[in-house]
Amino acid sequence: MSRVISIKERKARDREAVISLTQQLVRIPSVYRPGEKGGNEEKVALFVADYLKKLGIEVHVEEVEPGRPNVIGIIDSGKQGKTLLFEGHTDVVTEGDRSAWKYDPFDAEIVNGRMYGRGTNDTKGNLSCMITAVHSLLQDKEDFSGKIILCIPCDEEGMMIGIKHFIQRGWADGVDGAIICEPEENQVCITQKGAMRVVIHVHGKMAHGAIPLSGINPNTRMAKLICELERLEAREKERLGNHPMLGWPSITPTIIKSPVHGDAQINVVPDQCMTTLDIRTVPGQDHQQLREEIQEIFNRLEKEDPFFKADFEVIKDRPWTLTDKENPLVQSVAKAVKDVLGKEPIYNGVPGATDGTFLHLAGIPIVTIGAGDREIPHHINEYVDVEELAETTEIYRTAALNFLRDE
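By the working numbering, the letter at position 62 of the sequence shown is numbered 62, and the numbering carries on one by one without gaps.
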């Protein structure tokens, strides 16, 4: 007969496992670089798939694009009940200038209780937490009903093609709640900002800089347009206020290019000017209404200036999300945080968008929570505290049992 281990022994076992797994994942670079043979997410995804198989978990590997697979793990209790999904992506952003790192970005070195490396924080550490938490349940033969799905997609840092493919293939059908495993200092994040990415072109007519009236200057017209967008942002801030979890809504011009094609020359009036907008929205904003208000600005400027000619295209549109505090998933996670950390949970929001946006659109309640300083993702010398990895593993484990044992 096998010996039943104590809670202290189990936590020590899981701590060692999550640290080891995080190091193994970080040491497999998975920065998406188009055209790189054998690179991108494939190597780390196949490692994860093999790791899960060795734990006795049902595994599916689906190629989204060449060299960019999703990994899906299924743990079925064999008893009717709810389905809980954990989501953590395999890709990481570029390490940038390696010489600027104090520690090798793909060595996962631990110094004074912190593990350094690209992905330690966002989000291979949390991917390791969710895998270790489920492994812990299996090792201890914990009793629960329903299913756990491990969603491990590619391309979260890009166009999120992995999670879209996961949903299109039907894997999200019947899921009752999803825990999005991202670095949030183990705060219970129940809302996240929406995002609209907009490309604007203002059209003009080339002319000699000495004879500007013989042309049409798109730059001065773009300047007026940007000022109008700034006023729209101010009106939205006044209307909505400072959201307690997400902060202010924003309309931010990020790229300005003139001319759009060809070389710029100081004595030439360009024929076109382009800008991009990164619009971040909060609950209470309607994206279609924002589109219409932007179009109204264009219409007004056209009436004021017969030479104003411009167009815009929304190239990305992700709505804000909000999950009610009373939702069973939120309650399960909040109780786990309180039990594990011994203090009341902090509720917060995610300032950016995650793969959870698309799960929300699929009708699934989502909570975002995980180890790691919220401001460290994508930084040089990215790190995570190893004790926080252990705490997050325990939170995920406890939250799963809370959710899947709740009738």
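Wrong hints could be hidden among the right ones.
[What the hints assert, rightly or not] Simulated restraints on C-beta separations:
#1 E65 to E142: 34 to 42 Å
#2 V260 to L55: 46 to 54 Å
#3 D173 to P328: 13 to 21 Å
#4 I346 to S20: 23 to 31 Å
#5 A210 to A234: 31 to 39 Å
#6 K8 to E36: 22 to 30 Å
#7 A12 to R291: 53 to 61 Å
#8 R239 to I346: 46 to 54 Å
#9 E292 to D263: 14 to 22 Å
#10 S20 to W248: 40 to 48 Å
#11 E302 to K325: 43 to 51 Å
Calculated directly from the structure, the hints in this document are not laboratory data.
Model, not experiment: these values are computed from the prediction.
Don't be surprised by glycine CBs; every beta carbon is placed ideally from N, CA and C.
Problem set entry | Hints breached by this structure | Hints 6, 8, 9 are the ones this structure does not satisfy, whereas the remaining hints hold.
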